[in-house]
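**Student:** Here the protein sequences come in this chain order: F and S.
Going by my numbering, the first residue of the first sequence is number 1, and it counts up by one from there.
Going by my numbering, the first residue of the second sequence is number 394, and it counts up by one from there.
No false leads were slipped in.
If you want the ones that stay clear, here's a sample from chain F, every Cβ over 12 Å from chain S, calculated:
1. Gly31
2. Pro33
3. Lys207
Some but not every residue of chain F turned toward chain S, in silico, with C-beta under 7 Å:
4. Lys108
5. Thr118
6. Glu304
7. Ala307
8. Leu310
9. Ala324
10. His343
11. Ala344
12. Ser381
13. Pro382
14. Leu383
Distance condition first, Cα-Cα at most 30 Å in a straight line; then the derived DSBU-like pairs of lysine-lysine:
15. S:Lys436 with S:Lys516
16. F:Lys207 with S:Lys491
17. S:Lys399 with F:Lys2
18. S:Lys491 with F:Lys315
19. S:Lys514 with F:Lys393
20. F:Lys139 with F:Lys167
21. F:Lys386 with S:Lys436
22. S:Lys399 with S:Lys491
23. F:Lys80 with F:Lys139
24. S:Lys438 with F:Lys379
25. S:Lys491 with F:Lys108
26. F:Lys135 with F:Lys80
27. S:Lys506 with F:Lys393
28. S:Lys506 with F:Lys386
29. F:Lys379 with S:Lys506
30. F:Lys386 with S:Lys516
31. S:Lys481 with S:Lys436
32. F:Lys391 with S:Lys506
33. F:Lys80 with F:Lys207
34. F:Lys379 with S:Lys491
35. S:Lys438 with F:Lys386
36. F:Lys391 with S:Lys436
37. S:Lys514 with S:Lys438
38. F:Lys391 with S:Lys514
39. F:Lys167 with F:Lys215
40. S:Lys514 with F:Lys386
Just so you know, the hints here were simulated from the structure itself, not pulled from any lab data.
Each residue gets a CB set at the ideal place from its N, CA and C atoms; glycine is no exception.
Here is what each chain is made of, one letter per residue.
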Amino acid sequence: MKRVYLDHIAATPLHPEALEAMLPFLRERFGNPQSLHSDGQRVLEVVEEARERVAGLIHAGESEIYFTSSGSESNNFAIKGLALANRSRGSHLVLSAVEHLSVLNPAKSLEKLGFTSTLVPVDQTGMVHPEDVDKAIGKETILVSVMMANSEVGTIEPVAEIAKICKGRNVLFHTDAVAAAGNIPVDVRALAVDALSLAGDQFYGPKGSAAFYLKKGVRILPFIEGGIQEGGRRGGTENVAGIVGLGKAAEIAQAKMAERSEKAKVLRDLLIDRLPGKVDRVVLTGHRDRRLPHHASFCIEFIEGEAMLLNLDMKGIAASSGSACTSKALKASHVLLAMGLDHALAQGSLVFSLIDGNTAEDIGYLLDVFPPIIDRLRKMSPLYTKYLEEKGK
Amino acid sequence: MIYSEKVMDHFQNPRNVGVIPDADGVGQVGNPVCGDMMTFYIKVKDDHLADVKFQTFGCGAAIAVSSMVSEMALGKTLHEAMDITNDKVAEMLGGLPKNKMHCSNLGADALHKAIEDYETKTKPGAKEAAAAAAAKSPEVHEEEAACCCPYCDGPVEGMEEVCSCHQTSQILSHDRRPGQGSAFPKGP
Numbered sequence: 001m002k003r004v005y006l007d008h009i010a011a012t013p014l015h016p017e018a019l020e021a022m023l024p025f026l027r028e029r030f031g032n033p034q035s036l037h038s039d040g041q042r043v044l045e046v047v048e049e050a051r052e053r054v055a056g057l058i059h060a061g062e063s064e065i066y067f068t069s070s071g072s073e074s075n076n077f078a079i080k081g082l083a084l085a086n087r088s089r090g091s092h093l094v095l096s097a098v099e100h101l102s103v104l105n106p107a108k109s110l111e112k113l114g115f116t117s118t119l120v121p122v123d124q125t126g127m128v129h130p131e132d133v134d135k136a137i138g139k140e141t142i143l144v145s146v147m148m149a150n151s152e153v154g155t156i157e158p159v160a161e162i163a164k165i166c167k168g169r170n171v172l173f174h175t176d177a178v179a180a181a182g183n184i185p186v187d188v189r190a191l192a193v194d195a196l197s198l199a200g201d202q203f204y205g206p207k208g209s210a211a212f213y214l215k216k217g218v219r220i221l222p223f224i225e226g227g228i229q230e231g232g233r234r235g236g237t238e239n240v241a242g243i244v245g246l247g248k249a250a251e252i253a254q255a256k257m258a259e260r261s262e263k264a265k266v267l268r269d270l271l272i273d274r275l276p277g278k279v280d281r282v283v284l285t286g287h288r289d290r291r292l293p294h295h296a297s298f299c300i301e302f303i304e305g306e307a308m309l310l311n312l313d314m315k316g317i318a319a320s321s322g323s324a325c326t327s328k329a330l331k332a333s334h335v336l337l338a339m340g341l342d343h344a345l346a347q348g349s350l351v352f353s354l355i356d357g358n359t360a361e362d363i364g365y366l367l368d369v370f371p372p373i374i375d376r377l378r379k380m381s382p383l384y385t386k387y388l389e390e391k392g393k
Numbered sequence: 394m395i396y397s398e399k400v401m402d403h404f405q406n407p408r409n410v411g412v413i414p415d416a417d418g419v420g421q422v423g424n425p426v427c428g429d430m431m432t433f434y435i436k437v438k439d440d441h442l443a444d445v446k447f448q449t450f451g452c453g454a455a456i457a458v459s460s461m462v463s464e465m466a467l468g469k470t471l472h473e474a475m476d477i478t479n480d481k482v483a484e485m486l487g488g489l490p491k492n493k494m495h496c497s498n499l500g501a502d503a504l505h506k507a508i509e510d511y512e513t514k515t516k517p518g519a520k521e522a523a524a525a526a527a528a529k530s531p532e533v534h535e536e537e538a539a540c541c542c543p544y545c546d547g548p549v550e551g552m553e554e555v556c557s558c559h560q561t562s563q564i565l566s567h568d569r570r571p572g573q574g575s576a577f578p579k580g581p
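Okay, chain F solo, but in the shape it has when bound (with noise of 0.2 Å):
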C-alpha cells in the first residue's frame, strides 16, 4: 500500500549521506576519540569536524557546542545546569506554559530544591508576547526559557525579542530550538541567545544524537560528571557515528534550508487551505503564517484522534496527535490547553508535518481519504449527534 509520511516532527528519515558518513565508525573507525593512540586521534578530527559544522549552522563557535543523547537531554541540561549554577544571584524560573516537558519538568523537580517559576501564558495561537515574559521577570529571576518553535502546533515565538528583554533585565535566556534549528535559520548571535537545545532527528539526522549551545562565558553545572569528554561538562564516551551523522545533517540542512523550506511551505499550505473545505468544524491550531514551513496542525470536532490516527494509518498515512488518548498519560496535550482550547475539543488534535520528498500528490492523497474517516468517527460520536441534534433546532 501506499505510505504517506506526514510526521516530522516524530522523526526525519536519515539522510542518505549522513548514513555513509557514519558507517565508518560503526566498522572498522572504531577508536575513542579520547585515546592518545592514532585510532583514536583520528577519530577526534572527525568529532570536532562535526561540532564545528553543527556550529556553523546556528552560527556559533564550535567551543561552544556540546554533544549530548537527545533534545530532552539538552533542555533537561539547560534548566537544571543554568538554574544550580547561578543560585547565588537568585531562584526563580520563567517559562512559557507551552514548553516541551523535558523544559517544565525539570523546573518543576527544581521547585523541590526551592527554586520557583512562573508560567507565562499564551494566546489563542500558541504565541508569548515578549511583554508577558518581562511583565514575570523579577528580583529573583534567574533563567528564561522560550522554544523557538513549538512542535505540536507549529507556532515560532517572538524569541529574539525576549532575549533582548532577557538582556536588558540581566537574566539568562535559553531557547529550546529542537523543532526550528535545521528548518528554519537559528543564530544564536543575532538571537543573542545564552543557551539552545538542538536535535538531529528533527532535521534528517540520526537519533540519539543532539546538541547544546551554550554561550562562551556562562557558568553550568555538568550534566553527566566524571568523564573529561565535552569540556567535563557532559561526561561519557562519544556517540562517535551519531555525532558524524548530526555533523552531516547540519551542513546538508544548512546548504539546503531555503529550498526544503520552500517546497514544505507549498505544500503546507495547501493542507491548511484545503483540508476545512474537505470537513466542517475544522480548526487550524497555532499561527497561521507564524509557524514553522514544514507544520500543518488542527483540531477536528466531536471526534478523538487515536481513532482518526489508526484510520489514517489503515490508509497508510502516518500523523501525529496530541489528544489525550495518544498520551501515555492518558491526558490531553497541555499545549493545547494552555491556548484555551477545552478538553473535547483538543482530544480531536492531529499534527500533520511534511519531510522532504513529500509532494503534492501525497496531499491530495490524504484530502481524499480524509472526510470519510471523519464520516465515520462522526456517525459513532454522541458529541457529533447532539452538535446535529442542537443545529436542527
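Assemble the complex: chain F is given as a structure, and chain S must be docked to it using the hints.
**Tutor:** Okay, now just chain S, sitting in the frame of chain F:
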C-alpha cells in the same frame, strides 16, 4: 501494534453503532477530560435486551469496548446483562493495553446505567421521579481526571500525575522551602 487483532476488528467494524430514538433506557459514562464518552441505548422486550445501540467518542479501545459490550449484551436477559463486567469485556477482546483499562474500558458501566435507567422508568411512580430528576440540572463531571502513570501504566490516585513509586518528592522534600506553592498546574 498496541491493540489485539480482536480490538482492531471491532474498531474497524464496530457492531451496533447508532441511536435508538425511542429507547427504553439510556446510559452515559465518561467525560472528554479523560478522553472517552459512551452512550448506550437499549430496547427491552420480555425482560430481554431486544436491541442495543451505542455511540462513542474516544480512542480505538473505547470504540472496540463499546462494540464488544453491545454484542455480548444483545439477546441477554437484563439480569444476565448486569453480570457483564469491564474485565470480562477486556478478556473477550483479547486484552487491552494496561493504561487503557482505567479510561476506555467503561462499556459495561454504560450498559448497566442504561438498564438502571430502564428499571427506574418502569418502576411504579417512576414518572414523577423522572420529572423531578429532569428538573434538576444535569450532572456534569469535569473533574481533572488523572488516569494513568506515564512511567509504569499503573493507576494514579487523586490529583497526582505519577504513581507513588515514581514520585521524587519523598527523596527531595527535605529541601523544600516552606510557604512556596508550585507554579505548575496539576495537569500535564
